[in-house]
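Chemist: Work out the full structure: start from the sequences and follow the hints.
Chains as they are written, first to last, in the working numbering: chain A, 27 to 371; chain B, 27 to 371; chain C, 27 to 371; chain D, 27 to 371.
Some hints here could point you the wrong way.
It does not matter which identical chain is used: a pair holds within one copy or between any two.
[Stated by the list, open to error] Below, a list of computed lysine-lysine pairs in the DSSO-like style, where the Cα atoms sit at most 27 Å apart:
1. Lys234 <-> Lys79
2. Lys45 <-> Lys124
3. Lys234 <-> Lys163
4. Lys45 <-> Lys345
5. Lys124 <-> Lys38
6. Lys297 <-> Lys363
7. Lys28 <-> Lys358
8. Lys103 <-> Lys327
9. Lys124 <-> Lys28
10. Lys234 <-> Lys327
11. Lys297 <-> Lys351
12. Lys304 <-> Lys189
13. Lys103 <-> Lys163
These aren't lab readings, by the way, just hints derived from the structure by calculation. Remember, predicted model here, so these are calculated numbers, not experimental data.
Number of protein chains: 4
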Amino acid sequence: MKALVYNGPDQKNVEDRSKPVVGAPTDAIVRITKTTICGTDLHILKGDVPTCKPGTILGHEGVGVIDSVGTGVTTFKPGDRVLISCITACGRCELCRKGMYSHCTTGGWILGNAIDGTQAEFVRIPYADTSLHPIPKGADEEALVMLSDILPTGFECGVLNGKVQPGSTVAIVGAGPIGLAALLTAQLYSPSEIIMIDLDDSRLAVGKRFGATASVNSADGKAAEKVMQLTGGRGVDTAIEAVGIPATFVLCTEIVTAGGTVANVGVHGVKADLHLEKLWAHNITITTGLVDTVSTPMLLKTVQSRRIDAAQLITHRFKLADILKAYDTFGKAADTKALKVIIEA
Amino acid sequence: MKALVYNGPDQKNVEDRSKPVVGAPTDAIVRITKTTICGTDLHILKGDVPTCKPGTILGHEGVGVIDSVGTGVTTFKPGDRVLISCITACGRCELCRKGMYSHCTTGGWILGNAIDGTQAEFVRIPYADTSLHPIPKGADEEALVMLSDILPTGFECGVLNGKVQPGSTVAIVGAGPIGLAALLTAQLYSPSEIIMIDLDDSRLAVGKRFGATASVNSADGKAAEKVMQLTGGRGVDTAIEAVGIPATFVLCTEIVTAGGTVANVGVHGVKADLHLEKLWAHNITITTGLVDTVSTPMLLKTVQSRRIDAAQLITHRFKLADILKAYDTFGKAADTKALKVIIEA
Amino acid sequence: MKALVYNGPDQKNVEDRSKPVVGAPTDAIVRITKTTICGTDLHILKGDVPTCKPGTILGHEGVGVIDSVGTGVTTFKPGDRVLISCITACGRCELCRKGMYSHCTTGGWILGNAIDGTQAEFVRIPYADTSLHPIPKGADEEALVMLSDILPTGFECGVLNGKVQPGSTVAIVGAGPIGLAALLTAQLYSPSEIIMIDLDDSRLAVGKRFGATASVNSADGKAAEKVMQLTGGRGVDTAIEAVGIPATFVLCTEIVTAGGTVANVGVHGVKADLHLEKLWAHNITITTGLVDTVSTPMLLKTVQSRRIDAAQLITHRFKLADILKAYDTFGKAADTKALKVIIEA
Amino acid sequence: MKALVYNGPDQKNVEDRSKPVVGAPTDAIVRITKTTICGTDLHILKGDVPTCKPGTILGHEGVGVIDSVGTGVTTFKPGDRVLISCITACGRCELCRKGMYSHCTTGGWILGNAIDGTQAEFVRIPYADTSLHPIPKGADEEALVMLSDILPTGFECGVLNGKVQPGSTVAIVGAGPIGLAALLTAQLYSPSEIIMIDLDDSRLAVGKRFGATASVNSADGKAAEKVMQLTGGRGVDTAIEAVGIPATFVLCTEIVTAGGTVANVGVHGVKADLHLEKLWAHNITITTGLVDTVSTPMLLKTVQSRRIDAAQLITHRFKLADILKAYDTFGKAADTKALKVIIEA
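Modeler: What follows is the structure, encoded as structure tokens:
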């Protein structure tokens, strides 16, 4: 079968690989129908993710059809259409039982990282019963690809951790795909104000289209002042960090109001300053975290009932054979205006 | 009347001051019967608290008897015995209505800071209805002095923010009065393990006596390793920072387990490093905050029903006339083994 | 001044009464600009509310302008435009401090019940600082009248108690003004399905227009079956009772799914059956309660930011001089299609 | 093997049955070392539980040793010591993923009910990975038998549903084994007052020994009045129903204070009156439910750390061969003072 293989920093190839087979009784083999590329795949290709060894098939998102299952799988049978979660959950360790699938002792984020992923014709999914979701009849499968990672990540790490509430004021720093996923899912809780902050006016325009009530271009280094002006000097109840660098994290701690929350979603490579000399008395909460994907069944319902229009995140479409072009388009997002690209297998 | 007055950095005197009078209709004048000294008073005397101007009477803790009340005060009348909250709450601003008394727009921590405090024969308490608590008949008033600040601070900023739960594992960094207050109140939620961490063996011994299940002397710089050993490599569910320096804060972020919380209680003078390059995927929560004292009525019940033995925090007793000796004893705690000193007015 | 006075069962008159004056230092006198009639006013007129004595001016809703204030009032001054809460809160008793204003030891629902109300040119508001809300500039004051009672009641007693969540399934039994207020405010949490249940097709049509995803006419006694069909045999996560009779309450307990909540909003005159022989193992929650109006500031923000269109509840308008006509119109809602009527003073 | 078999109403026998075998890949066979009898077993023997067919081996509690496992079981291997949960959880259905194991679509309470149970030498446990718990080395296995059902039931259905909090006032109606389990686990949250209510003075004496702060004999029909006296007319924050008849449920609704919770634990055979004509405005919550046993790992920690002394619930011990005597002793608890009886297999 065809697969996109990571062969070390800056090296990726479309290769012919043998079709995966059921190993453990809890495995399923899924024939991929649609997959996509994530910012994290680009991180791997920069060599930033040491758990991902050369030779690994990339990809942790996608929808497909069950090809075969192990003897211990009870929820799915060949032919069932399924949504693949980016997080593999055994469902039986202490952390899984608490819903902390991201820290499953034998799972977590392993797909397209520690084991072969979804940018291929077939993929082996461990713990299939608790790592796949049935697709309801008549669902828009392209839209559902957004539910593998990006929507639950924006929702759980940004919106839920950030305790977005009706009437509250939210700032989202970073209008890339993850920041926009937070923007879409934040509206499930009807905040009064959502301020989008980015360096790129065209992404800010997308933010306005997706429901932001205000936008701030931070290129002049005055984002904190502008947010304070927009909020009458009060600051925001929730500041969602969706970039992953120290400056944007510090910005979040500057604009959060007393009693508010900074929800970190960005993937950070270096430490940041925490100004405890100001913050110790400011009654704030800071959260970090990988997505658990516990909210996926709920998000699936909101997509089905059209409370969220997930499909608007999709900007480009490719065939699996053209996945290198898809990487090119996604990697040059500033030029191509790419958000999420669909790859049809 | 006699009062302990802050006269600038390193300068304090017992002075004769005129008895305060009711200004606003919401004021009460309280005759102090017992007060105490807080670590924050020492901070003021070092010149670290710019909101406290020379000439201010110090002290934000105490119990006493209502001397007179303004026309708008409906809860208290002269002769009522009252507990003074370290936080002044108007009870009517948006933040007070949310229970965030610490950030009351016209109150907060002002007593013995922006206005004259309790280390005197009388004190004026603004917004008396919502800043004083009635003392039940037969209560041990000395023990109740611990409810003005130290017990609600340890409980709200450490235990509640830290989400201490039955069966959980807690580390408290710093076995001073505030760390010990967190230790006493943490036990209201029956955690399985409470690990006390400090540089001073005699304070660790007090910790054991107060209910800690393990103690770690951090003098050798290996506290994180030791906590990991004590917890089977897992770390703690709650790490309470009760010192206020970067090293102890960083230690807390090193020992907290995935899904856990770092609850900052310490007063910090400088920034700390936040190692987001490790923590971004570790699903932790960090909280900061001044006490709101919303839990005071509940803590009063637990002290009354003997679930907490607050009196064991008291190590020394003085008369108001000898308050300079009291400061001396409290300031040299390493030698005198002082925790809280009672000053009788 | 002119006022609508309750003179015993089935007797109401427009009378000339003397203008109220500030009694306690915490009082304010408000000149009413707009008020309305509530279903509870009709209950009083039937003689169902023994706390309301003949001679009382009715009404517990409205907006107006501060005429004068007592010496203890710090938040408002003459000329300020204010929203009147149906619940009077002292802000200082143990229950108020917990946000349970409905059970304030000296307040609660007293307006137009134990004391004179708002269907008059002027009204005395006790504890003005904590029982009135400032009206933002440029607000639609007519819409804000809906925030005195009906919207917070639907929201707090129905939506919040009922734990409506993104993706959840909600049934609202009763499409009168309160049920419709629950419908409008439930959408702040983006449930997937909202099923409206009533006997009156025209009210069900209003429900559809206000955002219900399905409606069930319960006239044939088969509402439970129909809801089960609509939910694939699962039942609803939240069942909101907005009628106040045994049959509708029992219906709610029949359609709630395991893990779900029955939130009672209706005013009941008699007991209902609780089928514990079925429900004991069904893991449900039942809530009851008067509104606390703690959510009013938040709802005001959502109305201001147009997340809720409160004005669509208003169907008729009258002058205070014509308030008897307004009662007539409101009392014959089945014919007049009245929801809320605005009375201009 | 020997087993206690239900052969229809009032008929039970010790029979020789063939040892169970692994059916599904997710099954485990457990050799029972200790089991016990539950009040529900007596209900079955009265013919009250139609899901339990004649010929079924009774029992849903116990500890033992893994004898064999199916190919899909990954957590346990032969020789492992395990605690059996009374609730069987597939861990993969929508309800299990929410932690509602009691309503697992293919599990729930089936052991000793729809399938053969634990009062035997061996038992087949479906979904072993998520229905068994590893026993820590050195644990008191007799005490752990209390964790199969009675302690999590008292804790989850009584204490957690009842929102017992530090400083709160709790009433427990019924001082049988379940009521006492609620009493033991309520103390994990340090309520100020726990009032035990029962008809039997000797059980009330046990309650006092287990930590109740007051007791009320309800034989004179004046329990509600007495509780009101004990609480200064306020009532209780939490009323736990641990009997299962209308009178005790109604009592709970009479003594709960505004803002409080009635947590039903009792198994009811008939409906009860719900006095909505009083309760509609009283802001209370009522909960019902079977245990989910999600708290078992936490309770195991609190038993291990001696925060709970589970062993004190054990009053008698028998060999499996003498299980009929054990039933006799347990069935005549008023005379024998039996709480829980241990049966050694």
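Chemist: Against the structure shown, which of the earlier numbered hints fail to hold, in ascending order?
Modeler: Of the numbered hints given earlier, those the structure breaks are 1, 2, 5, 6, 9 and 11, listed in rising order.
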